[in-house]
Amino acid sequence: MIHPITSYTSCKKSEQGEVVRPAPFLHDFLRGRIELPERVERVVSLYPSITEILVSIGFLENIVGVSFWCKYLIKEVKGIPSVASATRVNYERLKSLSPDLIFVSTGVQQDLAVELHQRGFHVYLVMFPKNLYGILENIMIVGSLVERREEAGNLVKRLADELKAYRCKEMERPRVYVEFWPDRYPTTVGRLTFVDDLIYTAGGLNIFSKAVGFFKPDFDEVSRGNPDLMIFLFERKVDAEAEVESLIARRGWNDIKAVREGRIWCAREKELPLTHSGPSFTQTLKILSEKFKEVKAG
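In short: position in the sequence shown from 1, add 17, done, that's the numbering used here.
Only true hints are included.
30 Å max Cα-Cα, derived BS3-like pairs, lysine-lysine:
id, residue 1, residue 2
1, K147, K92
2, K287, K303
3, K181, K92
4, K112, K88
5, K181, K303
6, K92, K287
7, K313, K274
8, K186, K287
9, K174, K92
10, K147, K95
11, K92, K112
12, K303, K186
13, K254, K274
14, K233, K88
15, K181, K287
16, K174, K147
17, K254, K147
18, K254, K88
19, K186, K174
20, K174, K88
21, K313, K186
22, K287, K233
23, K233, K313
24, K308, K88
25, K147, K186
26, K308, K227
27, K95, K287
28, K88, K147
29, K95, K303
30, K174, K95
31, K287, K147
32, K181, K227
33, K287, K227
By construction, these hints were calculated from the structure, which means they are not laboratory data.
Based on the sequences and whatever the hints tell you, model everything.
What follows is the structure in structure tokens.
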């Protein structure tokens, strides 16, 4: 686990007697010291949830570059230059933007963070949240780094109130199976992920809640889990219903309760952003909550 820790070297006095605070350093995954700029005025954000945080706390005008996936999910940044995919950067374009700070996330972008640092850029690696409150923590961290603490605090308070309002306290919950990118690299989730927490908070029970993290599902285990609802999320434009119908037959899932009762939910990630850990998670929470109530009602 990576725990960035901010520290300072000793303060010195200027010739006029004013206390001059040196730039902070972070001891983190690079096992070194990363210097952060004194002021952050030009930002590049390469992860959609971080980009949404920046937009939500009033820092949109300071975002000078984003990734392709940021533009795909966050409509407010469509006019901002794209400098990267999820893991590959156009360094010539990035350098021309002269960013004070680049935001990336752990997970698939961790190696990219190392690469950016080695090329001399100021980088901050935001932790991939393990639960919904981790999203709120990230908002405060990002807000602090760009000097939008008050705006971040107000946003966190609002989201915490919404989270409390939507939290399901009922013991009887529909059993849920969720699969991301079934047409490319089937992936599901277990505990210690904000997705598992999102499902539980909305009133469902993830059939893989005893496993940990993101992983390729064991199809026989899915059958044994016998979910009441199956959710399939696609990244690309495909005939989702035909794709799911085919994979259900191939995997021998016709006897699963959700299949027998027609409780199959197919959507694109843009429509149901379950893997998106930005401030809009409360909207996803509301959508899931309503769906789980439908399943319980029969």
